[in-house]
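**Q** Below, each chain spelled out in residue letters.
2 protein chains.
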Amino acid sequence: MTKVVSIVGRGPAVRGVDPWGISTGRMKQLLSDEERARLAAIASIVRFKKGAEIYHEGDRANAVFNIISGVAKACKASPDNGEHIMAFLFPEDLFGLSEEGKYVNSVKVVTPVTAYQIPVSALRSQLSMDAGLEFGVICKLSHELRQAQRHAFLLARRQALAKLAMFFEMLEQLQVARGEGAAEIYMPMNRSDISEYVGMSLEAVSRAFRSLIKRRIIETRNRWHVKIIDRDTFAKLSAGISLPSPANLRAQSGGNQFPGS
Amino acid sequence: MTKVVSIVGRGPAVRGVDPWGISTGRMKQLLSDEERARLAAIASIVRFKKGAEIYHEGDRANAVFNIISGVAKACKASPDNGEHIMAFLFPEDLFGLSEEGKYVNSVKVVTPVTAYQIPVSALRSQLSMDAGLEFGVICKLSHELRQAQRHAFLLARRQALAKLAMFFEMLEQLQVARGEGAAEIYMPMNRSDISEYVGMSLEAVSRAFRSLIKRRIIETRNRWHVKIIDRDTFAKLSAGISLPSPANLRAQSGGNQFPGS
DNA sequence: CGTTTAATTGAGGAAAGTCAAGTGAAGTGG
DNA sequence: CCACTTCACTTGACTTTCCTCAATTAAACG
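Residue numbers (our numbering), protein chains in the order written: chain A, 1 to 261; chain B, 1 to 261.
Accuracy of the hints is not assured; some may be wrong.
Because identical chains cannot be distinguished in the list, a pair is counted as satisfied if it fits within a single copy or across any two copies.
Stated by the list, open to error - List time: in silico SDA-like cross-link candidates among lysine to any residue, alpha-carbon distance up to 20 angstroms:
(1) K28 with L171
(2) K49 with F234
(3) K28 with E99
(4) K76 with R47
(5) K76 with F153
(6) K76 with R150
(7) K50 with F209
(8) K49 with V109
(9) K76 with A239
(10) K102 with R150
(11) K227 with R216
(12) K76 with Q147
(13) K28 with G101
(14) K227 with Y55
(15) K214 with S242
(16) K227 with G58
(17) K49 with L127
No lab work stands behind these hints, which were simulated from the structure alone.
Using the sequences and the hints, build the whole thing.
**A** Encoded structure:
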């Protein structure tokens with residue numbers, strides 16, 4: 001696969017969909033080769049190792065970043081539950097938006113990250129000269145807005161299983177959109193990160209995982225890889241239909257639901 | 001006050017902040033008079049009465065809207081809890097983004113709405129010709145993205161009182177940003193709408209309201225107007241510090257907390 | 001191979017959800 | 001203008017779910 005190489009070679013890449021287009025469902029590269037080259041000229045490549053903090057909430061926002069490889073998380077300190085994760089950031093994602101010149105959240109590394117760092121001043125002048133670039137940013141922002149709304153929708157769910165199912169669904173969609181195939185869902189983040197993203201306790205996440213496994217809805221190859229093996233039930237779950245209580249679980253594969261009868 | 005009149009007269013208005021600017025905290029008009037006039041030329045004015053549905057999730061997205069007056073809500077059907085409200089839409093807000101040519105949510109009227117209706121095709125050609133307009137859209141989208149993230153943050157809260165406090169805070173900030181003053185918070189939506197926005201049951205919202213009133217943190221002039229009378233405690237709440245249990249409530253104003261001693 | 005970190009499991013309690021009834025306010029028609 | 005209907009909100013009793021705390025097991029790392 002030469003995918004990553006080609007991304008690195010050509011300059012910043014931003015994937016998304018035209019919010020007004022009638023198009024394909026598949027996300028596509030929003031910047032032309034020329035635009036990417038121009039951005040590359042004003043960008044530098046930076047590397048962050050696992051656990052590093054790329055920037056902190058409230059820092060002066062001097063640059064925006066475009067991930068080449070690796071995964072990061074955008075988070076905000078929460079008095080309630082330690083830390084709230086607003087989004088996971090994958091290759092070709094953009095981050096570093098600010099409010100009044102200050103970053104609105106912290107970004108921390110989940111998996112070693114390589115990224116383009118683009119100074120805002122240079123980006124701004126580039127933007128004002130290139131309508132296509134501006135349009136690319138519009139598409140990307142719409143996409144992130146919808147993503148944030150989906151996240152809010154997830155958080156409004158009351159059932160742990162439904163939350164987790166929807167979380168998998170989101171990861172899977174992003175993965176497919178990145179063109180990485182959907183046979184298995186890759187989860188670079190740990191249970192704690194997941195719990196902070198879905199708004200439950202770490203223990204509740206663990207129990208929900210186990211419950212899904214016991215019900216044979218998902219399978220885990222290892223900590224970082226899940227596979228959905230019962231699409232139907234999974235779909236019901238993420239659509240909000242609550243499953244029968246765990247009491248019936250032993251009678252699982254077609255067995256008598258009333259063992260006493 | 002000639003505010004509303006001036007908005008109506010000049011064409012579509014979009015308020016927000018430059019996501020990279022160092023600016024003032026106050027939102028400002030993002031479009032020039034000229035841009036507004038050009039948009040007005042391609043827009044028509046539409047009116048919707050209370051309870052109407054402006055468009056439905058999944059409809060072909062032929063137009064975007066810009067509210068002149070009134071309040072609407074963007075919502076999505078949720079199997080879990082009837083309906084999920086993603087955002088309340090106020091004057092100068094923009095709505096009608098789509099995915100693959102279809103609206104991603106429904107928009108319903110809360111308070112009679114007057115709005116500009118702008119055909120997407122015309123908007124697109126306008127956008128490609130006007131970098132300033134594109135930049136305005138970028139600013140607005142960033143603003144909405146942050147708003148959606150705040151909403152997600154709210155939904156991740158576990159305590160009903162904290163959720164409600166944060167809800168008031170968001171309403172208040174928007175109100176101030178619109179230049180309407182903050183003496184009292186105006187809530188055009190009913191308790192049910194609030195419950196669907198903050199992700200709790202209607203009853204829980206009602207109880208939280210009562211609790212805040214009993215604790216003398218807020219006062220309600222009527223159904224639609226709240227006033228925060230204990231800013232300190234309110235701030236603690238929305239910062240996530242949980243309040244003493246209601247048992248101590250009678251001993252409220254400096255009384256002995258241990259009546260038995 | 002031991003140490004550290006991450007994940008799981010259990011028991012008990014608190015918070016919010018649900019169901020059902022009651023109160024109050026707004027709007028309608030006589 | 002007032003009785004009446006309706007809708008919105010409130011309150012209570014009970015149940016469910018998840019959170020908290022604490023202990024245990026499993027996996028990564030040097």
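**Q** Hint by hint, note whether the structure agrees.
**A** Hints versus structure:
1. Taking the closest pair of Cα atoms, K28 and L171 come within 20 angstroms of each other only inside a single copy of the chain (18 angstroms); across copies the shortest separation is 36 angstroms, beyond that limit.
2. For a Cα distance limit of 20 angstroms, the shortest separation of K49 from F234 qualifies neither inside one copy, at 35 angstroms, nor across copies, at 40 angstroms.
3. In the homo-oligomer, the alpha carbons of K28 and E99 lie at most 20 angstroms apart only across protomers (14 angstroms), although the nearest pairing inside one protomer, at 28 angstroms, exceeds that limit.
4. Taking CA atoms no more than 20 angstroms apart as the test, K76 paired with R47 passes in neither setting, with 22 angstroms inside one copy and 40 angstroms between copies.
5. Taking identical chains as interchangeable, the C-alpha atoms of K76 and F153 lie at most 20 angstroms apart whether they share a chain (19 angstroms) or sit on different chains (9 angstroms).
6. In this assembly of identical chains, the alpha carbons of K76 and R150 lie at most 20 angstroms apart whether taken from the same copy (18 angstroms) or from different copies (10 angstroms).
7. For a Cα distance limit of 20 angstroms, the shortest separation of K50 from F209 qualifies neither inside one copy, at 25 angstroms, nor across copies, at 44 angstroms.
8. Taking the shortest Cα distances, K49 and V109 sit within 20 angstroms of each other inside one copy (7 angstroms), while across copies they are farther apart (49 angstroms).
9. In this assembly of identical chains, the alpha carbons of K76 and A239 lie at most 20 angstroms apart only when taken from different copies (12 angstroms versus 28 angstroms within one copy).
10. In this assembly of identical chains, the alpha carbons of K102 and R150 lie at most 20 angstroms apart only when taken from different copies (16 angstroms versus 25 angstroms within one copy).
11. Taking the shortest alpha-carbon separations for K227 and R216, only the intra-copy value of 10 angstroms comes in at or below 20 angstroms, while the best inter-copy value is 51 angstroms.
12. Both within a single protomer and between protomers do K76 and Q147 lie at most 20 angstroms apart by alpha-carbon distance, with minima of 17 angstroms and 14 angstroms respectively.
13. Taking CA atoms no more than 20 angstroms apart as the test, K28 paired with G101 passes between copies only; the shortest distance there is 16 angstroms, against 30 angstroms inside one copy.
14. Within a single copy, K227 and Y55 get their C-alpha atoms no closer than 33 angstroms, and across copies no closer than 37 angstroms, so neither meets the 20 angstroms cut-off.
15. Proximity of K214 and S242 under a CA criterion of 20 angstroms is satisfied intra-copy only: 16 angstroms inside one chain copy versus 36 angstroms between copies.
16. In this assembly of identical chains, K227 and G58 lie within 20 angstroms of each other by CA distance neither inside one copy nor across copies; the values are 38 angstroms within and 29 angstroms between.
17. In this homomeric assembly, K49 and L127 never come within 20 angstroms of each other (Cα to Cα): the closest approach is 30 angstroms inside a single copy and 40 angstroms across copies.
Going down the numbered hints, you'll see the structure goes against 2, 4, 7, 14, 16, 17, while the others check out.
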